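Quick note: to get our numbering, add 983 to the position in the sequence shown (first position is 1).
Nothing false has been slipped in among the hints.
Cβ-Cβ distance ranges computed for the label pairs, FRET-style: (1) S1032 to G1241: 32 to 40 Å; (2) D1045 to P1325: 31 to 39 Å; (3) D1099 to S1314: 17 to 25 Å; (4) R1109 to S1032: 28 to 36 Å; (5) D1099 to A1010: 17 to 25 Å; (6) A1326 to E1029: 37 to 45 Å; (7) D1035 to A1075: 15 to 23 Å; (8) D1035 to S1314: 22 to 30 Å.
Rather than coming from a laboratory, the hints here were simulated on the basis of the structure. Quick caveat: nothing in here was measured; it's all calculated off a predicted structure. All residues carry an ideal CB built from backbone N, CA and C; glycine is no exception.
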Amino acid sequence: MDRAADGSPGADEPPVRIVLNPESGSADHARRVRGVAAERGYGVVETDSAADARRATRAAIDDGVGTLVPCGGDGTVHTVVQALFEADALDAVTLGVLPAGTANLFARNLDVGTLDAGFDALDAGRRRRIDVGRVTGADAGSAGEGTREPDPPERGRPASARAVPEGSDGEAFVTSFVAGFPAVASGAAGSGLKARLGTLAFAVSAVGEATAYEPHPVELALETPTGERTWAGDALCLLAGNSRRFTGEGGQGHVEDGLLEVAVVESLAPLEALREAAVHRLFDRGTEGVARFDAAAAAVTFLDGPVSVSLDGELSTRESFVLSAVPAALSVLVGPDYDPDPAT
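Using the sequences plus the hints, can you model the full thing?
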């Protein structure tokens, strides 16, 4: 490949490279994406697995690609961002998004909720630097390749929320981290069901999980703008939003404030949580049984063992971990009506 003296792509290398997941969502977008990309001179790498998408991302880093564009759902975005994170290369590219999944939460939060809007954002070049969430700690499932997880804290003694390692340890998320019931319901919604029913698939699968789910004993130590806080009790689920807001009117969260919105749901009936989720408004700030915090970091220990978790829709299990916000870590392309804090 021809390379410029500064290591940037040479004359033969497209300035934009799309990492295409052809099976996302209804799996009917690939031909159109390839056609528009050819018209505009964008490179396309088609992938057939998460491992393939990670390899494509690492190749883009090595090739000095300036704008990298996952095309798929929230899981595809997560895979690409995680590969950048593992390579300590979040600041090496600008991230675009071509949404082609089921929910496309991250893309909609950036005001690029359709393929047309995603291509328009690539043309317009509006850039913002946003926070990236990070989770470190013992993972009984599958953290990204190449990560090194620190030892978990002693059971019953959550680590300080300040105990966040430097560098690219752990796993990144751009939309949300969910532990407990919603992650279980998400896992029950298989790809075939999601393809047929879209976001309704999550609701259908959750009905079968709701009646059997029991709360977990959990302890938190949080670093908030007003100082350190602690919380302990039984929780149906724990939610941490980066670009996603769980309380108030829901929807997009403030993704440029260096904080995560952490919500602990103690007693809300699962079917009620499901109903609220269906209209993208989970909990009012004063909802009984929901504890809410804005935190730069939160150390979490589930005392009864590993629970199901979801990072941007990707599933694993965790028991003791630290959630934190990495401020202004990623340059992204946004739509014309993007507002970093629409709640204000």
